[in-house]
Amino acid sequence: MNRLPTCRRSTLITFPRLRQQGSMLVMTLFVIIVLSFLGVTMVNLLSSSNQAVVYEVLGARAKMAAQSGVQRLLTTAFPLNASIADCSVTISSPAAFSSGSGLENCSYQATCTTTQVVKKNVNYNYYRFESTGVCQANDIWASRTFELDAFEER
Numbered sequence: 023m024n025r026l027p028t029c030r031r032s033t034l035i036t037f038p039r040l041r042q043q044g045s046m047l048v049m050t051l052f053v054i055i056v057l058s059f060l061g062v063t064m065v066n067l068l069s070s071s072n073q074a075v076v077y078e079v080l081g082a083r084a085k086m087a088a089q090s091g092v093q094r095l096l097t098t099a100f101p102l103n104a105s106i107a108d109c110s111v112t113i114s115s116p117a118a119f120s121s122g123s124g125l126e127n128c129s130y131q132a133t134c135t136t137t138q139v140v141k142k143n144v145n146y147n148y149y150r151f152e153s154t155g156v157c158q159a160n161d162i163w164a165s166r167t168f169e170l171d172a173f174e175e176r
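Counting in my numbering, the sequence shown tops out at residue 176, every number present.
Treat the hints as calculated values from the structure; they're not laboratory data. Accuracy of the hints is not assured; some may be wrong.
[Stated by the list, open to error] Label-pair restraints from in silico Cβ distances: (1) L51 to E169: 17 to 27 Å; (2) L170 to S121: 36 to 46 Å; (3) L170 to G122: 19 to 29 Å; (4) I113 to D171: 16 to 26 Å; (5) I113 to F59: 20 to 30 Å; (6) N143 to A117: 27 to 37 Å; (7) L102 to R150: 34 to 44 Å; (8) A74 to I113: 11 to 21 Å.
C-beta: ideal position from N, C-alpha, C; glycine also.
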């Protein structure tokens, strides 16, 4: 009678299974750490984008304040139905300026200079208008400068 050889079951087969029991803990810790870093990164990105929006809005408001200063100087230098005046003045925003809607906590300081220029035996007035608008929100400040030049033949 031919007998088929029998295989003995090795006890080594059960060892790899016992050795793998701690690897699930390591994988879980790895996933938790990676997801934590991802979450912190997302919070930082959202925070920095919010800060960028604040700077952008304050910058736009400061630019509008500076333009308001130049416009006020222009109405002084070039009044309607009147002769053009020499402007060599510095003005600041009135107290009621920052109480209006849209330009809260904003101010401007505007200057105008007039220089007489002769070019090819023709006299000109060269006007330079410059205004700096400043806006504040808590501890964040934004400043923009607006400049305008004009020539007038005398």
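Original post:
Which of the stated hints cannot be reconciled with the structure, identified by number in ascending sequence?
Top reply: As far as the earlier hints go, 1, 2, 5, 6, 7 and 8 are violated by this structure, in ascending order.
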